[in-house]
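The listed protein sequences correspond, in order, to chains A and B. Going by UniProt numbering, the first sequence opens with residue 1, and the numbers climb by one from there. Going by UniProt numbering, the second sequence opens with residue 1, and the numbers climb by one from there.
Be aware that one or more of the hints could be misleading.
As the list claims (entries may be wrong) - Derived BS3-like pairs: lysine-lysine, alpha-carbon spacing no greater than 30 Å straight-line:
no., chain 1, residue 1, chain 2, residue 2
1, B, K377, B, K44
2, A, K42, B, K327
3, B, K356, A, K42
Note that these hints are calculated values from the structure, not bench results.
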Amino acid sequence: MTTTLYTSDHEWLAIDGDVATVGITDYAQSQLGDVVFVELPKVGRTLKKAEAAAVVESVKAASDVYAPISGEVLETNDALAAEPALVNSDAQSKAWFFKMKIADKSELGGLMDEAAYKAHTA
Amino acid sequence: MSVRDDKDSLERTPLYDLHVSLGGKMVPFAGYDMPVQYPAGVLKEHLHTRTSAGLFDVSHMGQIRVLPKSGKVEDAARALERLVPQDIVAIAPGRQRYAQFTNEAGGILDDLMVANFGDHLFLVVNAACKAEDEAHLRANLSDTCIIDSLADRALIALQGPKAESALAKLCAAAPTMKFMDAGAHEVAGIKCLVSRSGYTGEDGFEISVPAADAERLAKMLLENPDVMPVGLGARDSLRLEAGLCLYGHDIDTETTPVEAALEWSVQKSRRTGGARAGGCPGAEKILAHFDHGASRRRVGLRAEGRAPVREGALLFADSEGGEAIGKVTSGGFGPSLNAPVAMGYVPTALSAFGTKLFAEVRGQRLPLTVAAMPFVKNTYKR
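Just chain A, same shape as in the assembly:
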């Protein structure tokens, strides 16, 4: 059973055991506009919470995607290199950015559930 949590910077995390799958929210993609390039972290990199982990670029601008929690990058979504527009069409499923090992479960406490995130973007 996975739980989805959200950050105030518009990332989502699907928690499955000690692995979190991370992406940007549908709200975030709608604000960015047409995504033309995604730069993902290297597998094996240890991310610290709040550090820049990935970059998502629209025609107009580049935006950082921050690590919502600390942990090692286990896998990245190669499909985004070939088809960055997936971020626009399916931000919260097919367009996941990376999977990471959750280093400290207590960091999840500071994240929002769906209802709180909806209120945040309302």
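For chain A, the structure is supplied; the task is to place chain B on it using the hints.
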């Protein structure tokens, strides 16, 4: 997300309500609340302009008439030549030309379009510079000319391969115009000033229309299924692919027309040996750059990967080490090329097409190649 300017201090163009009703995402630009995109998005708006027709609100730009006190347009042309390195006298009635206001150092104060309307000149200048431009014209030309700023007019650009057929339905003269023709024409019965020009690299028109009639005219044009509203986002990606300069970025008070690779815009009559050589602010420096070359040059840059190289990125000759040799002044993703495109300044010795360079992006040096501009072939109706 981005910090917004105080919306209350922003001006609105006569098409503001139309932008909002069309779902335009409004952002501050040059003191105006302008649509950066509509619901279709930058990518679709860009591609639609290249394949069909896009309608742009460029009413924030300045429209200025220069009227000769003598009644002879040549007198206004001669006067304006005191401020620009272009041959203005040679602009025939009904024709338009690209020009730059220069400063004493040979740098560029603004770039502009100058049309000869038979008894006066009609100038279109950048929004961010229009107050300074008007003051500059008054300070220098008032002895022989009246400077009349047309604040009560909107400016609508209609660009793309179907711009002609779309405008022809409302303006019989449209198909008879050639690239850089300009004149007074009725559009849907409204007295307009129409030029066949633009800022996209496509064939198209710019239509100066009284503010009170602007929304009605824009709606009539948008009724045509070929025409889509296009925001500032796609305007920027279109002009970048077309290799056209954005004032304040690719050209400014520090760049001469020669450094900016705009030699084509300075006619022989104003160069060394010409009938009216020099005579504008900074002419010595500009002519020296023509005669002896400049040490740096604006070039087009193509990336090998898909990562956009944006404004401010430093350029290097090698993949590691060494000092920066230049800087990117405009860069982004070119939707028609489906690839990153940029322009920037490099030492003239490294400005030849095919030269390999590197741009530093997030701590990594990405390979670039100096490339010819426009990146996308222009389709002007000459």
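Evaluated hints:
no.	hint	in the structure
1	K377(B) - K44(B)	holds (19 Å)
2	K42(A) - K327(B)	holds (28 Å)
3	K356(B) - K42(A)	holds (27 Å)
Checked against the numbered hints given earlier, this structure breaks none of them.
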